[in-house]
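Visitor: Chain by chain, the residues:
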Amino acid sequence: AQKVTQAQTEISVVEKEDVTLDCVYETRDTTYYLFWYKQPPSGELVFLIRRNSFDEQNEISGRYSWNFQKSTSSFNFTITASQVVDSAVYFCALSEKAGGYQKVTFGTGTKLQVIP
Amino acid sequence: NAGVTQTPKFQVLKTGQSMTLQCAQDMNHEYMSWYRQDPGMGLRLIHYSVGAGITDQGEVPNGYNVSRSTTEDFPLRLLSAAPSQTSVYFCASSYSGTSGRALVQFFGPGTRLTVL
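Note that the protein sequences, when read in sequence, are chains H and W.
Under my numbering, the residue at position 40 of the first sequence is numbered 30, and the numbers go up by one with no gaps.
In my numbering, each number is its position in the second sequence, counted from 1, plus 127.
Think of the hints as simulated: they come from the structure by calculation, not from any bench.
Glycine is no exception: its CB is placed at the ideal position from the N, C-alpha and C atoms.
Do not take every clue at face value.
Claimed, not checked - Part of the chain H face toward chain W, derived, beta carbon under 7 Å:
{"hint": "1", "residue": "Y23"}
{"hint": "2", "residue": "P30"}
{"hint": "3", "residue": "G33"}
{"hint": "4", "residue": "E34"}
{"hint": "5", "residue": "L35"}
{"hint": "6", "residue": "F37"}
{"hint": "7", "residue": "R40"}
{"hint": "8", "residue": "S85"}
{"hint": "9", "residue": "Y91"}
{"hint": "10", "residue": "Q92"}
{"hint": "11", "residue": "G99"}
Produce the complete structure using the sequences and hints provided.
Guide: This is how it looks when you write it as structure tokens:
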């Protein structure tokens, strides 16, 4: 069965600090997809990134970067020079084939608070 | 495009009452899902659909029914509301396949349900 673990329940950082959110997953499939979503205090869920299991290249988008390591089954998310607007709950998710459907499992989320 | 819409935004029910949460998407997505979000538990899949006329159970289906008569709509029915169903409910849609933004979930704004 697939599983996503976000061991950090809450993190507080001071503005401009770098912060890394950890995500560890379990799957028996060789083909799968990993995602990060952001849920700001307003409550909506916003897609950040999708990564497939065959692409281990790290990705950078502005202040955001993602480190995908199959050897450790991790897909960590780093925010550089954090800002107050980064305060949100961040969810890591895993999608793998289950019958005729791509089943998505979410982690329990990490609440990030950026203090001005 | 309106994306994924959900109604109502808020609802208060008494134990034993039934109701339907509405979800619609205008992106012609094959996949639609219902999740509930509870504190500390992330997003848990209730029911999902891979196309019109096809639905299946997720992780926590008890007490809920779904149907999918059209590609656009995926209502969630609470048969006899219980306090344990107090939660925030999110509907999501995505398109299938493996390329591009396939499997990226687009979420509705959520319905906050309280059962007294």
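Visitor: If a hint holds in the structure, say so; if it doesn't, say that too.
Guide: How the hints compare with the structure:
no.	hint	in the structure
1	Y23	holds (6 Å)
2	P30	violated (12 Å)
3	G33	holds (6 Å)
4	E34	holds (6 Å)
5	L35	holds (4 Å)
6	F37	holds (5 Å)
7	R40	holds (5 Å)
8	S85	holds (5 Å)
9	Y91	holds (5 Å)
10	Q92	holds (5 Å)
11	G99	holds (5 Å)
Checked against the numbered hints above, the structure violates only hint 2.
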